[in-house]
Amino acid sequence: MKIHEYQAKEIFVSFGVTIPRGKMVTTVQEAVAIAEEFGYPVAVKSQVLVGGRGKAGGIKLAKNKNEAEQHAESILGMDIKGLTVERLLIEEGVDIAQEFYVGVIVDRTTRKPTFMVSAEGGVEIEEVARQTPERIKKLSIDPFSGIFDFQARELASFLTDDFQLAGRIADFIKNLYRSFTACDASLAEINPLVVTKDGQVIALDAKINLDDNGLYRHQDHEQLRDKSEEGPSAADARQMGLSYIPLEGNIACVVNGAGLAMCTMDLIKYYGGEPANFLDIGGSSSPAKVTTAMKIVRAQGNADALLFNIFGGITRCDDVANGIKEAFAGKAPELPIVCRLTGTNEEKAKEIMASINIPTLTDMDQAVQKVVAVAKGG
Amino acid sequence: MKIHEYQAKEIFVSFGVTIPRGKMVTTVQEAVAIAEEFGYPVAVKSQVLVGGRGKAGGIKLAKNKNEAEQHAESILGMDIKGLTVERLLIEEGVDIAQEFYVGVIVDRTTRKPTFMVSAEGGVEIEEVARQTPERIKKLSIDPFSGIFDFQARELASFLTDDFQLAGRIADFIKNLYRSFTACDASLAEINPLVVTKDGQVIALDAKINLDDNGLYRHQDHEQLRDKSEEGPSAADARQMGLSYIPLEGNIACVVNGAGLAMCTMDLIKYYGGEPANFLDIGGSSSPAKVTTAMKIVRAQGNADALLFNIFGGITRCDDVANGIKEAFAGKAPELPIVCRLTGTNEEKAKEIMASINIPTLTDMDQAVQKVVAVAKGG
Amino acid sequence: MSIFVDKNTKVIVQGITGRDGSFHTQQMIDYGTQVVGGVTPGKGGSEVSGIPVFNSVAEAKSASGADCSVIYVPIRFVVDAIYEAIYAGIELVVVITEGIPTLEMTKLYPFIKSRGSRMIGPNCPGIITPGECKVGILPGHIHTPGPIGVVSRSGTLTYEVVHNLSKEGLGQSTCLGIGGDPIAGTNFIDCLDAFQKDAQTEAVVLVGEIGGTDEEQAAEFIKKNMDKPVVGLIVGRTAPPGKRMGHAGAIISGGKGTAEEKIAALTSAGVPVADIPSQIPGLVKEALEE
Amino acid sequence: MSIFVDKNTKVIVQGITGRDGSFHTQQMIDYGTQVVGGVTPGKGGSEVSGIPVFNSVAEAKSASGADCSVIYVPIRFVVDAIYEAIYAGIELVVVITEGIPTLEMTKLYPFIKSRGSRMIGPNCPGIITPGECKVGILPGHIHTPGPIGVVSRSGTLTYEVVHNLSKEGLGQSTCLGIGGDPIAGTNFIDCLDAFQKDAQTEAVVLVGEIGGTDEEQAAEFIKKNMDKPVVGLIVGRTAPPGKRMGHAGAIISGGKGTAEEKIAALTSAGVPVADIPSQIPGLVKEALEE
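Protein chains in written order, with this note's numbering: chain U, 0 to 377; chain V, 0 to 377; chain Y, 2 to 291; chain A, 2 to 291.
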């Protein structure tokens, strides 16, 4: 789960990571009031769950009340990569002497929490990794013992030769690690970490991605979810335990299992179609999941045909068929449906589907070829 | 460092270990006031840093105000194994259904934090270990991962077949472990842990020994030290970094190094004398340590002769000699002194000692034989 | 022969009294798996499908001599259940439960290695040696004994692949899903190594997906260490970057973990990669004929 | 020959710029020890007694090829310093600093084992192979090369014993103090095993004290695994129970760890136990003559 910069900073500060003075606001009036309180310059920063806010004009510096008002007005409501800015973070200006990159992730290869630091602060770390990998230092941490002082010093020493400053950065890094583990993050990133002209070490920007698998043991993190950015369908899917990702194509698909769902998308493409979504209804069978899936597909609106691809193992085909029946409740489907149902309780499912006049196939290739043809109006 | 029951309970309760309602008092008036507040019965418990308080009459149950006053009066000021009772813990009475023993120590053999539990609560665990070792269950904990739920359940299941109760005891055990590690204890013991008639799990007695080596990182633990029980000499020794233990004999000894100090005591005994103390002035040389050691020996008062046994390695013999010279400041020693000084700067030391008319020996056996003879008036 | 499980494998079920645990216990018994015990704390002394239930893995193991445990316990208890199994000396732990926090896996993985045990999963369908032993939730009836090893990061997609193989007369030595999480107890290389050493296995089907670099590392391993043919399938070619495709591990992030890279790596290791599952049996037959 | 250190041992000093560190660095150099570097974070680039100082163990090791580190850093930094040395791949870490919390040792001990390194100490005087290499704070001049191995839980008492041996013409192969803490990185058995295997060592002197059961375990080991003679000394016969005799580990608690038990265990393993240090040379000579 992605969270906003201002939320990440609230978490960081509670673990002793220094951040600039700032406040989240949702109106121009509030923005100006906070700016006046802080004094100028202030940064007016859009809070959207997407990268590249700066380039999109979503982060501006205001030197006076007039500019604060102008910037707040222009950024609130702005569209950044399809997301509407509804919140601003107003932050006190900082006198920057140096900028660094400091991040920690769970590395899949070493299977350990792993730090990456670079003196190339403020630019995209993937770019640095591609062009000048020697300018990034990586260090894996033993999750049982946590980060040692000597490791924090080693990372900090890669950034600066100034031993006093390295000591402060090392402390910063230790606090960052504590934040990372305490909130079950999959990524905690400070870019840039800045050193001010008077030697303070501050997280100027801040990013935390929370591990979805960790959410169950952090009840308080649910309130960090920005439901406005998620959209109602995604919320429905999440609550029902479905995985849903909308796409640009016109063939909707409802599949049991993430691997099979990806495979179905690939197959649609392979046979000349374009998938309208990724939608995994998961393993255990429940008609409610199917009706929710149908609701999501309908809400998305860009589908010309719908494919069910179910390989019944734990999922019972008759449960899926019942879900489809329920979803239409006697009415004719508003878009053409192709049904592939095979495996557990396949025969029962066929009967149910026949009762609502939807034919079923058992072969995946055939089903996908058919839905592609149907979507093309064939 | 040993701490009082009421202090151990304050630590336990801050980690979620349930204890009876109670309050520490130092006067009879307070004791009665608290008893009246709690209602009867209340336990009136002497707070001294020694075992066997119960047998010595230092723990009594009061059923009414009269008894509370009587018991408080009789226990306050009582002498228990040489210690005067200056504090009482007044505790609400508890309806006991079952009594267990639960303790955790650092086991020297497995080198791990190790639990011991027994259904034989309320009796000395060493006694149980000797007579019915099969009634004790031991379980070592991995210090990196801490106690697992399944381990807490395993320990609790040894105590009871009642699964609900075992669950509550398991929670208690997990809290006990957290207390143990959080305060760098060498022992945390609940004896008895009681189950009340309404099924609550409560630490009726509580004992924590703090690891002396852990004190430096728990500044707040210093205030738990009961200086009245320690005595002024022990406090002096501790502050100067000396190890001091008073004994019953009449030959005082001042030695550098704990092993050599024990050896010196053994040697005194071997040659027919009785050591008056264990006193290790440690490794690094400093005249101030020697003068403090002299002060302690004088204060103890039961010595008829004093032996210095110094093997100079890091300790420099001349530093020790200067300390002795300083301690007497031109006056004649009030008790006969035998000096064994050998090793680093031995010659310089001999000169200094000669200047205050104290002869020095280099052989340990000779020195000990001489001091034994001197102490006997020989 | 086979890998990891066979007819001698003695299985206990952790979470046997739960909905999934009790259902799949019956399924496993029906398949012929030696299910020798179950564990649910507090339910010791009861029975599920005639199998005795114990309060702890240690008790279940000492009573039954189990060497394998399959774990269906709810997410809140699963990490503890895994440690319990390893502490009790279980050699193979198959974790069906989904949703273990990745930071817990960073601890579990080295711990299990240090104890010399193996974990398959978490978030996996389990493992089956057709005709001998089924551990997990895979549908038994689609499998047939034979010479093909199948290893996959997926569940139902594995069934699809196995179904295709069986239909074309290609039976399986062992099939297993290693799970869709970023950190798995057993990875492709562990399985490839075992298949290479297994006398029954003549060819291997590897079913990968986007995210991570496990497939690339597998390709490297195949090039260096395998003489048995391997056929690949990589799904997620059409997945957009930055989106988690259901599985916690199936995500293209920072431009890494794309299907193209994985296919290229496998191809350069001499592994024919199927575009779609139905091509797999043909590719396997070709490889076996060479 | 010798155990653990010899003339080829390359030593770095952690805490080299401190009071104790700089003093003993000079002492070690004077004795002929190959001191190849020092470590004090923030003091990299400076020198102590002509030895280059580095900011980290990793830097010091890569610059000097050190295989041994001796640690004099203050208690607040010592645990981190030990992990740093082990992470850097130092094989032998000698910890002079006193006062490591026992719970830290419960973590350090298995960690160091798992890395295949060895720690001597903490709270120990160090190790010396006379005429070749001195690591720690032992006074070099009392030692002479020869056939006797000496291992002790003490500092100055070890010097006393060595002094007695040297005086009587019994030189030493290696002498070391394993420290007075309840948990030590190296225990009696580790040293006895090494002495048994060391060609130069003909007999061993074991100096124990009250507390714990290390001496009893050593007796068991001697009985089973040693054919070289061992002579013992146990101090603390007159120590009262429940009192810590200076060393954190020297305490009789719960009636366990008494001198009597230890002496009995050693005697029953055929180890003559001296009453007083000056008896040791005679007992060693007798044992060697047999």
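These are calculated hints, taken from the structure and not from any lab test. Ideal placement from N, C-alpha and C gives every residue a C-beta, glycine not left out. Fair warning: there could be bad hints in the mix.
Listed next, the in silico SDA-like pairs over lysine to any residue satisfying Cα-Cα at most 20 angstroms (straight line) [what the hints assert, rightly or not]:
| hint | chain 1 | residue 1 | chain 2 | residue 2 |
| --- | --- | --- | --- | --- |
| 1 | A | Lys229 | A | Gly141 |
| 2 | Y | Lys114 | U | Val373 |
| 3 | A | Lys257 | V | Glu123 |
| 4 | A | Lys257 | V | Met239 |
| 5 | U | Lys111 | Y | Pro241 |
| 6 | Y | Lys114 | A | Pro111 |
| 7 | A | Lys44 | U | Asp211 |
| 8 | Y | Lys224 | Y | Ala265 |
| 9 | V | Lys111 | A | Asp191 |
| 10 | A | Lys244 | V | Ala331 |
| 11 | A | Lys114 | Y | Ala265 |
| 12 | Y | Lys108 | U | Asp211 |
| 13 | Y | Lys108 | U | Arg216 |
| 14 | V | Lys111 | A | Gln218 |
Short derived list, chain V residues pointing at chain Y, Cβ under 10 angstroms [unchecked claim]:
| hint | residue |
| --- | --- |
| 15 | Glu36 |
| 16 | Phe37 |
| 17 | Thr113 |
| 18 | Ser144 |
| 19 | Phe147 |
| 20 | Phe149 |
| 21 | Arg152 |
| 22 | Glu153 |
| 23 | Gln163 |
| 24 | Ala165 |
| 25 | Gly166 |
| 26 | Asp170 |
| 27 | Asn174 |
| 28 | Tyr176 |
Inset, instruction - Starting from Lys44(A), check that the Cα of Asp211(U) is at most 20 angstroms away, please. - result: violated, 44 angstroms
Inset, instruction - Starting from Lys108(Y), check that the Cα of Asp211(U) is at most 20 angstroms away, please. - result: holds, 18 angstroms
Inset, instruction - Verify the proposed pairing of Lys114(Y) with Val373(U), using a straight-line Cα cut of 20 angstroms. - result: This hinted pair is violated, its Cα atoms lying about 52 angstroms apart.
Inset, instruction - For the hint on Thr113(V), just tell me whether its beta-carbon gets within less than 10 angstroms of chain Y. - result: The hint is violated - Thr113(V) has no Cβ within 10 angstroms of chain Y, the shortest such distance being about 15 angstroms.
Legend entry - Restraint check for Lys257(A) with Glu123(V), where alpha carbons must lie at most 20 angstroms apart: Since the Cα atoms of Lys257(A) and Glu123(V) sit roughly 15 angstroms apart, the hinted pair holds (cutoff 20 angstroms).
Inset, instruction - For the pair we were handed, Lys257(A) and Met239(V), check the Cα-Cα distance against 20 angstroms. - result: Distance of about 30 angstroms is beyond 20 angstroms: violated.
Inset, instruction - Go through the hint on Phe147(V) and say holds or violated, using the shortest Cβ distance to chain Y against 10 angstroms. - result: holds, 5 angstroms
Legend entry - Hint check, Asn174(V) versus chain Y [nearest Cβ-Cβ separation less than 10 angstroms]: For Asn174(V), the interface hint is violated, since the closest Cβ of chain Y sits about 17 angstroms away, which is over 10 angstroms.
Inset, instruction - Would you mind confirming whether the straight-line C-alpha gap from Lys111(U) to Pro241(Y) stays at or under 20 angstroms? - result: violated, 26 angstroms
Legend entry - Interface restraint verdict for Gly166(V) against chain Y (beta-carbon cut-off 10 angstroms): Holds - the Cβ of Gly166(V) comes within 10 angstroms of chain Y, reaching about 8 angstroms at its closest.
Inset, instruction - Return the status of the interface hint for Gln163(V): holds when the least beta-carbon distance to chain Y is below 10 angstroms, violated otherwise. - result: holds, 8 angstroms
Legend entry - Agreement of Lys224(Y) and Ala265(Y) with the hint, judged by alpha carbon distance not exceeding 20 angstroms: OK: Lys224(Y) and Ala265(Y) at ~13 angstroms, within 20 angstroms.
Hint compliance for this structure: hints 1, 2, 4, 5, 7, 10, 11, 15, 16, 17, 26, 27, 28 are broken, all remaining hints hold.
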